[in-house]
Structures are given as C-alpha cells and as structure tokens.
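> One letter stands for each residue in the lines below.
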Amino acid sequence: MNPTAGGAASFLRGSRRRFAPVHGFGILAVVSGLAALGACSAVEDVLDPVHADAVAALGPEVFGLPKGPTHRPGQPCLTCHSGQGPGKSEFSVAGTVYKTKPATEWLEGATVSLTDAAGTIRQLTTNQTGNCLIKKSEWTPVYPMRVKVSFGGVSIDMLTHVGRAGACADCHTDPARAASAGHVYLVADPANFPVGP
Amino acid sequence: MTSAPVHVWRAGLRCLPGGVRLLLGMGALVAVGFACAASPDSNARVPIVAPDLGSFQPVSAFLEHRCGSLDCHGQVGRNLRVLGHEGLRLDPNDVPGGSPTTAAEIEANYGSVASLEPEVMAAVVGDGGAHPERLTLVRKGRGTEHHKGGALVVVGDVQDRCLTSWLAGTTDGAACAAALDTP
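Protein chains in written order, with our numbering: chain A, 1 to 197; chain B, 1 to 183.
Pulled out of the complex, with its shape left as it was, chain A reads as follows (with noise of 0.2 angstroms):
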C-alpha cells in the first residue's frame, strides 16, 4: 500500500467499491431489524385498516381499570383479543353482565353458561366489572351457541343462538336499538334483582 496521501486517496476510493456490498448489506439488516421492532403495528395497520380502525374505535383505557380482565367493560373484546392483536391474550368468547337493563352496574358473581353445537358446557363467572372469558386455548365453542345467565336463583337465556361471534358486544351495545340488543342484563326490570347471592 502506498503510504503516501494520494495513495491513501486512492486506498479510500477503492475501499468503498470493495465494501458497498457489505456496507449496504448492514443497512438493509439494520433497516429490518427496526421494522421487526418497532414498526411491525404500522404495518399490520396497513395490512388490516378495517381491524386497525375497529381497535381505534374503541378509544382509551377506562380511566381507574387497569390492563387486565377487568378492563374496558362492555366493549367487543375480540376486537383486541382475537389473534390480531393488539391484545396478546386470545379468547373464544368474551363479554360483559349486568344487572339490569338500563345497563349502568356491573353484575360480579354471575354465571354464564356456554352451550355448543356439539353439547359441550362450559361456564364461566363475571368479575368485579362484569366480564368473563374463556380463552382460546381452553375451549372453542362449536357454533351456533347458546347462552344463559344466572345470579341469585334468577337465570335468563339468550333468545336466539350465538351464530359466529364470541365477543358479546358485538351484537349487545348499548343503547339497545334496531340492529343492537343492548347489554347482556340479569333482569329486564331493577325490582326482580335477586338480593344476595
């Protein structure tokens, strides 16, 4: 090599056609590993717009419940926990109880009885905000399905099948209205709650 500094220019020069492979082979790993990272959601989002709103839709946390079996009352937990992301649980089926209709309280303590195509029970009880679930890995119900709820020596079933989905809030919104049933309740009217357990 030559020492000198047009050498040495020279030596730079030819360094860079010697390394551009590598060098840009680097950049590509790099690139991808930060796609792998930190961008797989964007593009998943891009993927799946539909899925991407429908999460978006849902909007924030519920200010005071944590991440967790106890959040998001109410709202279609397939939505998230389906296999899509972005939660990292996968459920089956999933929903909220309440106590009565106008749904405002929680029902905690209920249970919800699973019945499948195939006759396979499983029952579920709601937690402290109302929700249960049953995850994916545990059971998965042969459709159409049928529900009941009971609490306090009171039970209600379901007036038609589950068809396909087992997020509740897919169907249950509220208010209820032409194309909703509203949320799943216990008893149509405050005066029939059962008192205690």
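I should point out that these hints are in silico values taken from the structure, not numbers from a laboratory. Just so you know, not all the hints are guaranteed correct.
Straight-line alpha carbon distances no greater than 30 angstroms define the calculated DSS-like cross-link-like pairs of lysine-lysine that follow [stated by the list, open to error]:
1. K135/A <-> K148/B
2. K99/A <-> K67/A
3. K88/A <-> K140/B
4. K148/B <-> K136/A
5. K136/A <-> K140/B
6. K148/A <-> K101/A
7. K148/A <-> K136/A
8. K148/A <-> K140/B
9. K99/A <-> K135/A
10. K88/A <-> K148/B
Stretch by stretch, here's where chain B covers chain A in the computed footprint (C-beta under 8 angstroms, at least three residues) [unchecked claim]:
11. 138-151
12. 157-171
13. 176-183
Virtual Cβ for every residue (Gly too), placed ideally from N, Cα, C.
Let chain A serve as the given structure and place chain B on it in line with the hints.
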C-alpha cells in the same frame, strides 16, 4: 412488402418513447370504448320470478330463527339480509327481542331472498323447484359452498324441506314449524 405510407407511419411510431406509445394506445382504446358504449335505459326493469310471497311467512320465520341473528344475516351489510323479532329490525324504533316480526319485515326478507340471484331463482322456480342447489342460498346453508356460518342444513331435514318446498311452490308448513325447534 408494406406500402410506403404505412412504412413511414410505423417508422414514426417507433421514434416515440415506449411510454408515449403505450399512452397513445390506451387512449385509442378508451376512445373506442366511449364511442361504442350505449347509455342504459333507465326505465328498464328486470322482472323477478319467485315463489309466492303469501306462502313465505313460515319460511321467513325459519330464516329469522336460524340465519337472522345479529352476528350473522341480521346485519345491514349482508347480501342476504334477514330482519325480524330475533335480530335486525326494519323500523328504527323496534329492537331485537321486542315486538313480533312485522309484515314489512317478512316482505323485506322475501325481497332479500328473491332478488339475491334473480336469474337463478327464475330458473329454479320455472323448473318447479328442481335442483334448488343452483341457488347459493341453498348451497351455503347445506355447506356445499363455503359458508362462514357453517353447514346448518342437512339435505332432506325439516329446514331443507321448508325452504325447498317453498321454492317448489308448495310450502311444507309442518317442516317450517319443526325447523323452529332447531336451536
């Protein structure tokens, strides 16, 4: 051997960049298309040949019960939209599970079924209900065509007889009533 003017014309085209030649070609096609297209007759109507509306009520009740839940065909965006007491309501003041199915909802269901595949429906009705599987409605219910709701009808069961008997012009009311017992 080509004539001199054509030879010159071809040579001239070849002088143009490829992109320009492509645009010229596309423009020519569009111009021809506009020239050939005729405006449709806005007064034209396609007659729908379908079984009798008067005998559709038991079939509507079966479709409402079996197919019309809010998460399935009880949705406004469905090609086959089913309305009624157990699902989507026609009147914005009605709610699912509220008032009984109205006559208007039954008529809307009839329109939904009859106009889904009008040409095929006319053929099936014209053949006295023979080969009802020509209708997508029948194939999807039977599961012989991909259906998100699965195969809910077995050929020959009460549900199948309810629908196919109506297509044949003689609705089996007993089958339709028994079909309501299917969860």
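> Are there hints from earlier that the structure breaks, and if so, what are their numbers?
Result: hint 3 breaks, nothing else.
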